[in-house]
Amino acid sequence: MNNTLDSKIYWGESEINAAYDKAKFQEFQQQSPEQIKQACTDKNGRLKHIIRAEHFDLEFLETICETAKAARRVAKLEDKYLKSLLTGKSVLNYFAQESSRTFLSFSTAQAHLGMRREDVRDIKTSSQMKGEPEKDSLRTHSSYFNSIVCRHPSDVYDLFAIWALSLSDRSVSFVNAGSGSKEHPTQGILDYYTFRESHKEGLDGKSFAFVGDALRGRTIHSNMKILTLHQDITIYSVAPKHLQLDEETETYLQQKGTKLIKVTDGLKDVVPLIDGAIYMTRIQDEHDKDKGKQKYDPKFIFEEEMLNQMRPGAILTHPLPKREEIAPGIDYYKKDPRIMLWRAVRNGMWTRAATFAYLFGVDDQIRGQYERIKKAAATP
Amino acid sequence: MNNTLDSKIYWGESEINAAYDKAKFQEFQQQSPEQIKQACTDKNGRLKHIIRAEHFDLEFLETICETAKAARRVAKLEDKYLKSLLTGKSVLNYFAQESSRTFLSFSTAQAHLGMRREDVRDIKTSSQMKGEPEKDSLRTHSSYFNSIVCRHPSDVYDLFAIWALSLSDRSVSFVNAGSGSKEHPTQGILDYYTFRESHKEGLDGKSFAFVGDALRGRTIHSNMKILTLHQDITIYSVAPKHLQLDEETETYLQQKGTKLIKVTDGLKDVVPLIDGAIYMTRIQDEHDKDKGKQKYDPKFIFEEEMLNQMRPGAILTHPLPKREEIAPGIDYYKKDPRIMLWRAVRNGMWTRAATFAYLFGVDDQIRGQYERIKKAAATP
Amino acid sequence: MNNTLDSKIYWGESEINAAYDKAKFQEFQQQSPEQIKQACTDKNGRLKHIIRAEHFDLEFLETICETAKAARRVAKLEDKYLKSLLTGKSVLNYFAQESSRTFLSFSTAQAHLGMRREDVRDIKTSSQMKGEPEKDSLRTHSSYFNSIVCRHPSDVYDLFAIWALSLSDRSVSFVNAGSGSKEHPTQGILDYYTFRESHKEGLDGKSFAFVGDALRGRTIHSNMKILTLHQDITIYSVAPKHLQLDEETETYLQQKGTKLIKVTDGLKDVVPLIDGAIYMTRIQDEHDKDKGKQKYDPKFIFEEEMLNQMRPGAILTHPLPKREEIAPGIDYYKKDPRIMLWRAVRNGMWTRAATFAYLFGVDDQIRGQYERIKKAAATP
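Chains as they are written, first to last, in this note's numbering: chain Y, 2 to 381; chain E, 2 to 381; chain A, 2 to 381.
Isolated chain Y (complex conformation) (with noise of 0.2 Å):
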C-alpha cells in the first residue's frame, strides 16, 4: 500500500513538478516501518507525530489513558488551571473529509487545555482552488502552527503529511484525524480507553468483537493493532465475506500471535462467547460507488434481545455515526452500563485532549495536579 500514489492527493496543476514531488515522496515511502516510526519519534523516545496505531506501545497508551482520566478532573474541579496549560501553543484542525463530530471532540479538547485553534473544514475554501499542491498548503498552513490535525480520504496522507513537513525546518507535531479507509489512531487510543475503563481487571486473555466493515473500518484496523499489545487476546471478525478483514490487518495480528477467528454468518453466535466488548460499525460505502445503494445484512444487526446474551462485564460500543446495524430501541436505554456508545464520545474528547497534553510535554503536570487534587481531598 505504502508504495503506490494515491489519487487522492492533489499535486498541482504542473505535471513536470507533480512527477518531482511524486519521485521525492516515494522515496520516503520506502522506508522501513522502522524508519517510519523513527520519523515519527523525538530524540528522548516520545512520539511527536500521531499517525499509526502500530506505533504505540502499552506504555503510551497507559500514559494517555492516566492523563485523560487526570484531566476529566481537573477540569471539573480546576477548568482554569488546566486551561492555562497551553496557551502559547496552537493547532489547525484540517478536515479535507467531512465530519462535524470529530471536528468538534478535537476542537473541544484543544479548548480545554487553552490552546489556540484554527481551522479548515471545507476544502473549496482552500488554495487547492488556484492549483496549489497540497505539499504546497500543508507547508503554509504549518508555518502558523505549533501542530495540524489532519483528516484526509488519502490511505497515505499521514505519511504524506509529515514528508511534506520534513521539507521545513520548523517542528510541527501532526496528527492523524483519519486517513482513507487505513488509519484513525485517536479513535483506537479512544476506544482502547472505553475497554480499558469497563474492564478494570486487564485486558489480557479477553475476547473482543469486530462487527460490519472489517475490511474499510478505519477504526476496526486501529482498534485491532492495539489490543495485539495484549496477551491472549482473541479477536472475532464479524462480517459477510466481502467485507471481511483487509489482508494486511490480517498479517499483522499474525505476525503479533493475536488469535483472529472469522465469522461469516452472522453476529448472533459470536455474542454470548465475548467478554471483552462487541464493537460495531457501519458499512463505509463513501468509499463506493453505489454508495447508500448496498443494504447491510440483518444478520450483523446488534438486536435489542442481544442485550440478554451478552456475558457478565462485557459492552457494546460503537465509534459513530451508526445507520441500521444497531437496533433502534437501544438509543433509549438510559442507564444501561454496558451500552457505551454515547459514553465514548465523552472518552473521545478527554483522550484527545490527553494526547495534546502528552505531544506538548504538559501530561505530566496534569496527573500530577490530579493527584495534588486528590491527597487533598483525602486530608482531614
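Everything labelled a hint here was simulated from the structure, so no lab data went into it.
Keep in mind the model is a prediction, meaning the values are calculated, not measured.
You may find that some hints are simply not true.
Which bits of chain Y does chain A cover? Going by a derived footprint, with three or more residues having C-beta under 8 Å, they are [to be verified]:
| # | stretch |
| --- | --- |
| 1 | 13-19 |
| 2 | 87-97 |
| 3 | 139-145 |
| 4 | 163-177 |
Below, in silico cross-link-like pairs of lysine-lysine (DSSO-like), each with a Cα-Cα straight-line distance of 27 Å or less [to be verified]:
| # | chain 1 | residue 1 | chain 2 | residue 2 |
| --- | --- | --- | --- | --- |
| 5 | Y | Lys81 | A | Lys77 |
| 6 | A | Lys38 | A | Lys242 |
| 7 | E | Lys257 | Y | Lys375 |
| 8 | A | Lys90 | E | Lys81 |
| 9 | E | Lys38 | E | Lys296 |
| 10 | A | Lys81 | E | Lys84 |
| 11 | A | Lys257 | A | Lys242 |
Glycine included, each C-beta is placed from N, C-alpha and C at the ideal position.
Take the given structure of chain Y and dock chains E and A to it, following the hints.
Same frame as chain Y, now just chains E and A:
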C-alpha cells in the same frame, strides 16, 4: 402542526430505525402546550430552553431587557469582568440554514460573556453525509457543550431538539435561533427590547403594524405572541391576502384577547394610526418553489414620505435582511431616531448575551455590577 | 477604473433599490485620490483603513516593519503580554473569495494580539442567499466588530466597503485582504518587510524583477507602488506581452519617476541584473474563462540553475500559491538564505499583527516592550 412529522428533519438511512424514532418523537409531540412548557422549565421555574415566544412572561422579558442594558454598560466600562463570567461554559452554534447575521449575533453575544464557542455552519460538513440521523448528530454534538443554539428549516425542530437531548442524561440548554416559518424567539426578545427602549412610558395600549409576510414571517409570529402579554394592544397585520396571518397565530391572539386588524390593501392608511412600531418584513420566499420570482407588492413598501405621516413616538424597524420593502433612501438617514433597523442589530447582540447570562444564572451578577458602577459614578 | 460599477458586487434583488444605491456609490467614487486617502485617515494623520498601497509612505512602512520585528520577539519571550494588548478589540474576517492561506495569516496575527475574531468564509452561508444587498450585509456585520478584513473578487470592493461603512456612525477599521485584480496592500507590506530585512543596507538604488502575471497580479501592483517610495529603483516587469503590466500601474510608476523596464522574452537574461529581489507570480487565471487551460510559458520559469546566476544579496520570493513558475527542486533547498518564499509566509503573519497593532494604537507599546526586553538582556 405539532403532530405532523416534518420532512425537513433527516431521520437516517434505515427505514426501520427511522420509523421507530419517529413514533417515539410523535409521542413526545402529543404533550399539551403546558407539558411542553414544563419540559423547558427547571425546578425553580426558570426557562432552561428558549424555544417559543409563548413561554415568555413579562417578568422574564423584564429580566432579559434589564440584563441586556446592564451588560451593554458593563462591557464598555469593565469588559474583563463581563468576559470572566462564563469562561467555564460552552456552546455549539449549529446553523443548518444559512445566516451569517444571526450566527454572528449569537457568537458575539457569547464571546462577551467569555463562553467557549464552536460552530457548525455548513450542513455538508456534517455526519449526515454518512447517513446518520439528526437525532444522533445532535446527541453527539451535545456531548461537548453546555448549550446548543440551532437554526433549522424544520417547523418542529425546536421540539425535536429538546426531545433528542432528553435521551441523554446530560443537562444541555437549547436555544431556538429560528425553526422553519414558525418561531424565532430570540428575535422576538430583541424586537421587544427595541420597542421597550423606544417607549419608556410603557407598551400597554399601543398599536403595532406588522407588514409583509405575515403568513410565514417567524419573527412576526414571535413578536405578536409576546405583545399579547401587554394590555390593550392593537395589532395591524398588513399583508396581501395570500400572505395574511396564519390561523395558528390568529387563534392565539384571539385567545389572549389582543385586538387584531387585518389590512390587505396596503400600508398607506395604516401609518398614521400606529403609535408603537411599524415592523416591516420581507417575503420569505425561500419557502416557495418559485423563489425570488414573487414580486413584492408596492402598496406594502414603506416609502420615504411615510416618515412624515408617522405619529410622534412611533418607530420603524425590520428584522433584516431586507429587500425592496423599505424605500432605498431610508438607509441614508444617519441620525433619525425613529429609524431603528440598524440599532436593532446591536440590541440583538445584547439581548442574546442577556439570554445566555440568564440560562447560566449570572444575569443578577451583571445587573448587580451595573448598579455598583452607577453608584460609584454617583459618589463624589 | 473607479468610476465603473463592478458586477461582482451584489446589489440586492430590487432593481429600484439597487439603482439608488449604485448612484450614491458612484458619487463616492468620483472623489479624487486625495479625498479618498483622507477618508482613510484619522484626524491625527494615521491610516484608519488599509485599502491601497498608494496610501502608504515610508514612515508608515517603517512603523509597521519595526513593530512586526518587535512583536515577533515579544511573542517568543512574553507571549502573554502581547496577547493582553487587544483583548477588548474584535474583528470579522470576511472572505468572499476562497483563501485559507490569507485567512489563517490574518486570524493568527489577530490572535497574537488577543483580539476576538469571527469569520465568514463561505459566501453561501450568508444573507445574500435571501436577496440582501452586500451593502446591508457589511453594515450588519460591522455592528458587532471594531474592524473588518475582507477579500472580495470585485476590483472596487475596498472603496465600496468604506462607503458602506460610512453610512453608519460607528467607527470600524477596514482592511483590504485582496480586492479583485487591483490591490492586495497587506501582501505589499509583507513583501516590503521581506525586502527590507534582506537588505539592511537599504533599498534605494536597487533593482527588482516582477515575473509572471503583471497584468492582474494584485500583489505585483501593490509592491510596485510601494517601491516608488524609494530612490533610484529599477523595476523589471517580466511577462509575456498579453500579461504585461496594466496601464494604471505603469502610469503610476511614471508619475513617481520610477524606472520601468518591460521584458517580454523571458527571465533568463534578467536574473543577473537584479540586486534586490526576483518576485515570481502565478497566472491569475481564476479571472479567465478558460481557467486552468492557459499554459505558463517556460521562458518565465525560475529554473534551478538560475540560483547560480543570481547577484550576491539578491533574493527569490513568491506570494504563493505557486504552480509551475518556480522549478520543483527549489522546494528541497532547506537552508538557502536567498530562497525567501516560505519565510515570507511568517513575515506576513507578523506584519499583519503589526498592522492591527497600528490600527488600534498599540504599536508603540509593542516596540517599547521590545526595547525593555533588549535592555534587560543587555544589563549584566
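Results of checking the hints against the structure:
Only residues whose beta carbon comes within less than 8 Å of a beta carbon in chain A count, and the stretch 13-19 of chain Y has 5; three or more means the coverage holds. Proximity of the stretch 87-97 of chain Y to chain A, defined as three or more residues with a beta carbon under 8 Å from a beta carbon of that chain, is established by the 4 residues found. Coverage of a stretch by a chain is defined here by at least three residues with a beta carbon nearer than 8 Å to that chain's beta carbons; for the stretch 139-145 of chain Y and chain A the count is 5, and the condition holds. Check on the stretch 163-177 of chain Y: 3 of its residues sit with their Cβ under 8 Å from a Cβ of chain A, so the three-residue criterion for coverage holds.
A distance of roughly 23 Å separates the Cα atoms of Lys81/Y and Lys77/A; the hinted pair therefore holds under the 27 Å criterion. Pair hint Lys38/A plus Lys242/A does not hold up; C-alpha atoms about 33 Å apart against a cutoff of 27 Å. A threshold of 27 Å between alpha carbons decides the hint, and for Lys257/E with Lys375/Y the separation of about 57 Å lies outside it, so the pair is violated. Annotation: proposed proximity of Lys90/A to Lys81/E holds, straight-line Cα distance about 12 Å (limit 27 Å).
Restraint check: the Cα-Cα separation between Lys38/E and Lys296/E comes to about 39 Å, which exceeds 27 Å; the hinted pair is violated. For the suggested pair Lys81/A and Lys84/E, the alpha carbons sit about 17 Å apart, so the restraint of at most 27 Å is met. Of the supplied pair hints, the one linking Lys257/A and Lys242/A holds, its CA atoms being roughly 24 Å apart against a limit of 27 Å.
Going through the hint list in order, the structure does not satisfy hints 6, 7 and 9.
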